[in-house]
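Make the full structure from the sequences, and use the hints.
Going line by line, the protein sequences match chains Z and L.
Taking the working numbering, I'd label the letters of the first sequence as residues 1 to 181.
Taking the working numbering, I'd label the letters of the second sequence as residues 1 to 234.
The hints are simulated quantities; they were obtained by calculation from the structure and are not laboratory data.
Just to be clear, a hint being listed does not mean it is correct.
Among chain L residues calculated to face chain Z with C-beta under 7 Å, some are [said to hold, decoys possible]:
| # | residue |
| --- | --- |
| 1 | L11 |
| 2 | L12 |
| 3 | I15 |
| 4 | Y219 |
| 5 | F224 |
| 6 | T230 |
| 7 | L232 |
| 8 | L234 |
If you want the footprint, here are the derived chain Z segments under chain L, 3+ residues with CB under 8 Å [said to hold, decoys possible]:
| # | segment |
| --- | --- |
| 9 | 70-77 |
| 10 | 95-104 |
| 11 | 130-136 |
| 12 | 148-157 |
Listing some non-contacts, in silico: residues in chain L with all C-beta distances to chain Z over 10 Å [claimed, not checked]:
| # | residue |
| --- | --- |
| 13 | Q16 |
| 14 | H17 |
| 15 | V117 |
| 16 | S118 |
| 17 | R121 |
| 18 | G124 |
| 19 | M127 |
| 20 | A128 |
| 21 | T135 |
| 22 | A150 |
| 23 | S164 |
| 24 | L176 |
| 25 | P221 |
| 26 | L225 |
Keep in mind that this is a model prediction, so the values were computed, not measured.
All residues carry an ideal CB built from backbone N, CA and C; glycine is no exception.
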Amino acid sequence: MTPRFDPTRAIVYDLSRGQLRDDEGQTRLNVPYFQLHRLCEQAGAPATADFGQALGADIGRRIRERLGSNVDVADVSVWTEHLGGHLALLGLGDLTLERWGRALVVRVVGAPVGSASLLSAVIAGALQRGLGRNVQIVPFEVEDAVALLVLSPETADRARALREAGESLGRVVEQLHRGSP
Amino acid sequence: MRFDRDKLEALLGRIQHKMTLPRAPARTAAAAPLGAAAPLGSGGSHLPLELDEPGLDSLSPPAHGPGGANELDLDEPPESGRSRVRSAELLGSDDEADGHPPLTPPPESGEEPAPKVSIPRDPGPTMAQLGQTITLDEASGGVLELAEPAPPPSRRGVDQLEMSPPQVGYSEELPLPENAREELDRVRLGQSTEVGPTVHSRPVLSTNVVDFVSAVRSYQPETFLDLLDTSLRL
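Next comes the structure, spelled out in structure tokens:
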């Protein structure tokens, strides 16, 4: 039986010591998002991507440890529950997984403003660490959500070019399907 | 002796004063002859000593004895009333014979003359009520001409209007009323309009009957890893 996501005592506020700890005993920090976002902007895109990759890798490790031998055979709903649960614990929004033809799209609603790049790095790091796949994320901001198109590094460059040309997510996915065997 | 004379003079003055007073309506012709007229008629100059009493005693109602004339006996026949009237007439005739005028007029004497009431004449509105008087010019001697009322439209006149009958018949494109066929069936079946058939119509299908099925099976990943690998192969 596939284990469910369990957020019990995921974050422990030790007010007597003035500390935040997770269920593994690691120290956490509760800081305002806008202060962190300002820090990421000053640090630059590579540093922000590295920061997000590290956050996602920790999520992927936890999912893999939680699912155990079922991690490779778990269906989409299981990954939606676990990946979305960990993303919600970080306060990065509500995650859903979508399939556009043969393309995988991660849609996040309620994410902090201007966090598309950070979200992309987090999801990429989680999938790399959780499933051992080298992925790149091409984000699309759609209304109040962020749609993250999961692609290989080679296809991601083409998708970014189409996005910069003004193509929407649907048109980019359609173009990618026409060019694929 | 002088005392009696003074007393009599005072009594005479009191009687004269009573004569000027209006008579009480309660002392009608039926009571007066029995209470007061009888002693006068019988004795004449013999005045009763009870006159020394205050004069207001004369306004008191007469005593009703067990056999008095004013006693109403409901068991008596209606003729008993006539006997009392007849006795009053007899007593009245005795008083006239004695030369004394009756204290109350007999019933047949007719209605008493109504007291003369003086109604002040309306002097009309005062000058203050009239206000300023406006002098109106006299009307000119014009002749008023009244217009004749319009005659009501007659049915005959309406019928004489020119009418153009419709040249075109009914259009076949006009839709039938919704319940026309149902009403026709009711009339043919001789049913009343309150009884109608219960119709169970077949629901309208909203899907296409004809569908094209692709020869290529749609992709359905079994696991999340399959979906991820498929997306990476794009």
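Hint by hint, here is what the structure shows:
no., hint, in the structure
1, L11, "violated (127 Å)"
2, L12, "violated (129 Å)"
3, I15, "violated (124 Å)"
4, Y219, "holds (6 Å)"
5, F224, "holds (4 Å)"
6, T230, "holds (5 Å)"
7, L232, "holds (4 Å)"
8, L234, "holds (5 Å)"
9, 70-77, "holds (count 5)"
10, 95-104, "holds (count 6)"
11, 130-136, "holds (count 3)"
12, 148-157, "holds (count 4)"
13, Q16, "holds (124 Å)"
14, H17, "holds (119 Å)"
15, V117, "holds (103 Å)"
16, S118, "holds (105 Å)"
17, R121, "holds (101 Å)"
18, G124, "holds (95 Å)"
19, M127, "holds (93 Å)"
20, A128, "holds (89 Å)"
21, T135, "holds (91 Å)"
22, A150, "holds (75 Å)"
23, S164, "holds (65 Å)"
24, L176, "holds (48 Å)"
25, P221, "violated (7 Å)"
26, L225, "violated (5 Å)"
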